[in-house]
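Novice: Chains A and B, in that order, are what the protein sequence lines are. Heads up, the first sequence is in our numbering, so the first residue is 1 and it goes up one at a time. Heads up, the second sequence is in our numbering, so the first residue is 1 and it goes up one at a time.
Among the clues, some could well be false.
Claimed, not checked - Derived lysine-lysine pairs resembling DSBU-like cross-links, with alpha carbons at most 35 Å apart:
#: 1; chain 1: A; residue 1: K90; chain 2: A; residue 2: K119
#: 2; chain 1: A; residue 1: K122; chain 2: A; residue 2: K90
#: 3; chain 1: B; residue 1: K189; chain 2: A; residue 2: K122
#: 4; chain 1: A; residue 1: K119; chain 2: B; residue 2: K49
#: 5; chain 1: A; residue 1: K80; chain 2: B; residue 2: K189
No lab work stands behind these hints: they were computed from the structure.
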Amino acid sequence: MERSPTRDFIVGLFVLAGIAAIAYLSISIGGFSWHGREGLKLYASFDETGALTVRAPVVIAGVRVGEVSRISLQNDFRAKVEMSLDPELKLPTDSSAAIVTAGVLGDRYIELQPGGEEKILKSGDQIPITESAVILERLIGQLIYGTTKGNKPGAAATEPAKTP
Amino acid sequence: MALPGSNFGFKSLKFVEELGAMSAFTLDIARTVVAPPFRFAALLRELYKLGVLSLIIILVSGLTVGMVLGLQGYHTLARFGAKQSLGAMVGLSLIRELGPVVTALLVAGRAGSATAAEIGTMVATEQLDGLRMLSIDPISLVIKPKALAMLVVTPFLTAMFIACGLYGGYLVGVGLMGGDPGSYVASLKSNVDFQNDIVCSMLKSVVFGFLLGLIATYRGYTSAPTAEGVSAATTSSVVISSVTVLLADYVITALWGT
Chain A
1 MERSPTRDFI
11 VGLFVLAGIA
21 AIAYLSISIG
31 GFSWHGREGL
41 KLYASFDETG
51 ALTVRAPVVI
61 AGVRVGEVSR
71 ISLQNDFRAK
81 VEMSLDPELK
91 LPTDSSAAIV
101 TAGVLGDRYI
111 ELQPGGEEKI
121 LKSGDQIPIT
131 ESAVILERLI
141 GQLIYGTTKG
151 NKPGAAATEP
161 AKTP
Chain B
1 MALPGSNFGF
11 KSLKFVEELG
21 AMSAFTLDIA
31 RTVVAPPFRF
41 AALLRELYKL
51 GVLSLIIILV
61 SGLTVGMVLG
71 LQGYHTLARF
81 GAKQSLGAMV
91 GLSLIRELGP
101 VVTALLVAGR
111 AGSATAAEIG
121 TMVATEQLDG
131 LRMLSIDPIS
141 LVIKPKALAM
151 LVVTPFLTAM
161 FIACGLYGGY
171 LVGVGLMGGD
181 PGSYVASLKS
191 NVDFQNDIVC
201 SMLKSVVFGF
211 LLGLIATYRG
221 YTSAPTAEGV
231 SAATTSSVVI
241 SSVTVLLADY
251 VITALWGT
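For reference, chain A alone in the conformation it holds in the complex (with noise of 0.2 Å):
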């Protein structure tokens, strides 16, 4: 079998270039990284989390600070929402999140609103004040049977009371 040194290099670069190709997939579509999901680990518990997913964006005045890393129930029955955050991250204990809408049928995000507190939530800590998904369906179920069978005080207060 003839050697050829240039048909060898031809293959050198086709398997870099399939390497590439399948590292590029895995880690900058993929999200996969060595060390698992590392970084500034926030807690929030949520009355409904409506479409939620694992790996749903985590944005501070729409910049992607980070990830939904898992979500799981509670003994109380709500719903527990681990983020993984930029580790540089410096949020006040005050902080509040928020599961929004991109569009009105887009995919579900959290929103972080940083508070004033001097104070900085560190690694495991748990975020205070947190405003639950908006359930499209249950407003518009409200809106037509609410006047008919007269809201419940406590139904309007557990609700947001943002309209989308």
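Use these hints to put chain B onto chain A, whose structure you have.
Specialist: Same frame as chain A, but now just chain B:
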């Protein structure tokens, strides 16, 4: 003339026999893979022929498939007011299904058929028997490099196909239709998961590469030593590869879940 289907029992037995012969053939290849001589020069030559020379068709097809997905997806999603999810639609379709499957079908057509025809011709012209007379194992020298090269090349080509497709979707969705570049990339990145999507896609392409290499070399190796035998081996290699890839795709998707 026998009734159609009257030889069903015979055909079934023949199928089982073929399956057994193919398993033995696989083990033969596996044996030559782990034992020297390793035939690196032959492997490099096959990598060049099967991989590098398939690059153009894979990249062009990837770009085109991505562009069509971008165009179709844009109009469909615009109807539901969900244009910002275009990246996720293009990305998930490409990574989970279209990338591995279309690449495998293209490789079967471009490289699998050539492999089967080449080996079939070698059988017909008694070149493999010539090697045996020189006490060179034809499986080690001819079959193994081709089957291994197919296994190595398919995942690489799949990854390049997907990368090209993502760019094609971006080109149409953002460049042509005027979508928002930020939301394309953001919806792509937040919806594609490493574990569920990328690993599953790469697993599929490895399995497909294994099947393609095996089927192409086996059909060539067992072809009848005539001109008709070579043509039959080439045709059946492409047909069987395509059907097997589609079936295997369903099975892997079902087993992987989500």
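Novice: Confirm or reject each hint.
Specialist: Each hint, compared with the structure:
1. For the suggested pair K90(A) and K119(A), the alpha carbons sit about 9 Å apart, so the restraint of at most 35 Å is met.
2. Straight-line distance between C-alpha atoms of K122(A) and K90(A) comes to about 8 Å, which keeps the hinted pair within the 35 Å bound.
3. A distance of roughly 27 Å separates the Cα atoms of K189(B) and K122(A); the hinted pair therefore holds under the 35 Å criterion.
4. Restraint check for K119(A) and K49(B): not satisfied, since their Cα atoms lie roughly 63 Å apart, outside the 35 Å limit.
5. Proximity of K80(A) to K189(B) is assessed by CA-CA distance (about 23 Å); at most 35 Å being required, the pair is judged to hold.
Violated hint for the displayed structure: number 4, the only one.
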